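Add chain B to chain R, keeping to what the hints say.
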Amino acid sequence: MVEILRHGWLLARKDLLVEFRSRTAILSAVVFTVLVLLVFNFGRDPTAVAAVDLAPSILWVTFTFAAVLALNRAFQLELENQALDGLLLAPVSRASIYLGKLVANLIFVAVVEGVGLPLFALFFNVAILPVLGPLLVVIALATVGFVAVGTLFSAMTARTRFAELLLPVLLLPFMLPPLIWAVFATAALLAGRPLSEATAWLRFLAAFDLVFVTLAFLLFPATVNE
Amino acid sequence: MNLLKAGRWITALGLVLLAGVYVRALAFTPIERTQGVAQKIFYLHVPAAIWTETAMILVGLASVFFLFLKDPRLDRFAEASAEAGIVFGSIVLTTGPIWGKPIWGTWWTWDARLTLTLLLFLMYVGYLLLRGAVTDAGLRARYAAVLGICGACLVPFVHLSVIMFRTLHPQPIILKPGPPSLPAEMLVTFLLSFGVFTMLYVGFVMQRYALSLLREEARHA
Numbered sequence: 111m112v113e114i115l116r117h118g119w120l121l122a123r124k125d126l127l128v129e130f131r132s133r134t135a136i137l138s139a140v141v142f143t144v145l146v147l148l149v150f151n152f153g154r155d156p157t158a159v160a161a162v163d164l165a166p167s168i169l170w171v172t173f174t175f176a177a178v179l180a181l182n183r184a185f186q187l188e189l190e191n192q193a194l195d196g197l198l199l200a201p202v203s204r205a206s207i208y209l210g211k212l213v214a215n216l217i218f219v220a221v222v223e224g225v226g227l228p229l230f231a232l233f234f235n236v237a238i239l240p241v242l243g244p245l246l247v248v249i250a251l252a253t254v255g256f257v258a259v260g261t262l263f264s265a266m267t268a269r270t271r272f273a274e275l276l277l278p279v280l281l282l283p284f285m286l287p288p289l290i291w292a293v294f295a296t297a298a299l300l301a302g303r304p305l306s307e308a309t310a311w312l313r314f315l316a317a318f319d320l321v322f323v324t325l326a327f328l329l330f331p332a333t334v335n336e
Numbered sequence: 017m018n019l020l021k022a023g024r025w026i027t028a029l030g031l032v033l034l035a036g037v038y039v040r041a042l043a044f045t046p047i048e049r050t051q052g053v054a055q056k057i058f059y060l061h062v063p064a065a066i067w068t069e070t071a072m073i074l075v076g077l078a079s080v081f082f083l084f085l086k087d088p089r090l091d092r093f094a095e096a097s098a099e100a101g102i103v104f105g106s107i108v109l110t111t112g113p114i115w116g117k118p119i120w121g122t123w124w125t126w127d128a129r130l131t132l133t134l135l136l137f138l139m140y141v142g143y144l145l146l147r148g149a150v151t152d153a154g155l156r157a158r159y160a161a162v163l164g165i166c167g168a169c170l171v172p173f174v175h176l177s178v179i180m181f182r183t184l185h186p187q188p189i190i191l192k193p194g195p196p197s198l199p200a201e202m203l204v205t206f207l208l209s210f211g212v213f214t215m216l217y218v219g220f221v222m223q224r225y226a227l228s229l230l231r232e233e234a235r236h237a
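Sequence order for the protein chains is R and B.
Quick note: the first sequence, position 67, residue 177 per my numbering, numbers continuous.
Quick note: the second sequence, position 41, residue 57 per my numbering, numbers continuous.
Chain R extracted, bound-state conformation (with noise of 0.2 Å):
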């Protein structure tokens, strides 16, 4: 258990330090990020809509596509020289693989996330500071979701004709269960409403999580065994 930990830490350092040493994709995904923002600010007519009724939309619609990007990345990385085939030799389990991609990804989304969410507390002027706590605790499990199962998806598309296309046609019904939750409980807090209004929404991205980070964790292996 430890060695899986430790080991995946470790696959997670190298990604992480392959990513900073470029910051090609990390810089990338954050200029989309502002990206979309913009375009859900042109996108909407300012008179007719206001921003703060649009708001939890517009923050979910720009992570879900942030979190897909992202995660294009995550195995494509292990392509080039048959990197993949090396790692799979190393004498780390398959579970410290899943790890490692799992918490790269985690940390790469959040990233994108840290950037994104004070952009759009900026640009549509939505108070998030008095709900910042439940409001993190929200994206946090709605991203761990997203990741858990993109990763695993990500591990099967990148070995595949069109993964760009793939991975958002697969992953997007699955991200749509947490993405309703994500939309609901944020709608409730932005608009000031109790606390105990979003926790029922919060139990069932809990639980999700909870099913599809095992799941991944035993399917993991069927998607790079040969």
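Derived by calculation from the structure, the hints in this document are not laboratory data.
For clarity, every value in this text was computed on a predicted model and none was experimentally measured.
For every residue, glycine included, the Cβ atom is placed at its ideal position computed from N, Cα and C.
There could be a bad hint or two in this list.
To be verified - Residues on chain R that point at chain B, a partial pick, calculated with CB under 7 Å:
| hint | residue |
| --- | --- |
| 1 | T270 |
| 2 | L276 |
| 3 | P283 |
| 4 | F284 |
| 5 | I290 |
| 6 | V293 |
| 7 | A301 |
| 8 | F318 |
| 9 | A332 |
| 10 | T333 |
| 11 | V334 |
Said to hold, decoys possible - Restraint-style ranges between C-beta atoms, simulated for each label pair:
| hint | chain 1 | residue 1 | chain 2 | residue 2 | range |
| --- | --- | --- | --- | --- | --- |
| 12 | B | E48 | R | T157 | 46 to 52 Å |
| 13 | B | P199 | R | T157 | 52 to 58 Å |
| 14 | B | P199 | R | R313 | 39 to 45 Å |
Frame of chain R; chain B shown alone:
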């Protein structure tokens, strides 16, 4: 190929009987009091919907067993069942709006069951797209099984998220606790139609199964 031929015969017979069911539904089954003639689509819509969901459940089960047993027959069956499920799903998603327009006054609404059916449909289109995008047969079978299992696990969550929407959809009248609440003639028509759809499912799956078998043989030859 005997399987292919048998599948063709069953499908052809099913289609002929389907026409027969519709003669019975239109001419010899009473017209529903509030919905009028629009209700006749029920004999097409509901059996197709039941077989859409059943086909998807069978894909999930076949996927689970495939990962344990590694039997290529299970993978071939899962593929055939997903394809048949998509056909029935298309029937459900086309007949639904045709009924919805005169009865609800709208072609589409984000109602619980409509959303669920659409999402399932899209998920299994994705399943077939994934199969099409992988060239190696062994890899394709494993990838498809992983996606099939994830899909089956997603269904309860979709149910959870959509039951919170208020529903316009008629409540179940056949598959529910207690006896079916419709007149005997309608029930007989429905059951005949359900039998015909079962034949069509079996016929479709047999044909597609035989086809993937032939495809594999052609590749090895």
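Going down the list of hints, with the structure as the test:
no.: 1; hint: T270; verdict: holds, 4 Å
no.: 2; hint: L276; verdict: holds, 6 Å
no.: 3; hint: P283; verdict: holds, 5 Å
no.: 4; hint: F284; verdict: holds, 6 Å
no.: 5; hint: I290; verdict: holds, 5 Å
no.: 6; hint: V293; verdict: violated, 11 Å
no.: 7; hint: A301; verdict: violated, 17 Å
no.: 8; hint: F318; verdict: holds, 6 Å
no.: 9; hint: A332; verdict: holds, 5 Å
no.: 10; hint: T333; verdict: holds, 6 Å
no.: 11; hint: V334; verdict: violated, 9 Å
no.: 12; hint: B:E48 <-> R:T157: 46 to 52 Å; verdict: holds, 47 Å
no.: 13; hint: B:P199 <-> R:T157: 52 to 58 Å; verdict: holds, 55 Å
no.: 14; hint: B:P199 <-> R:R313: 39 to 45 Å; verdict: holds, 44 Å
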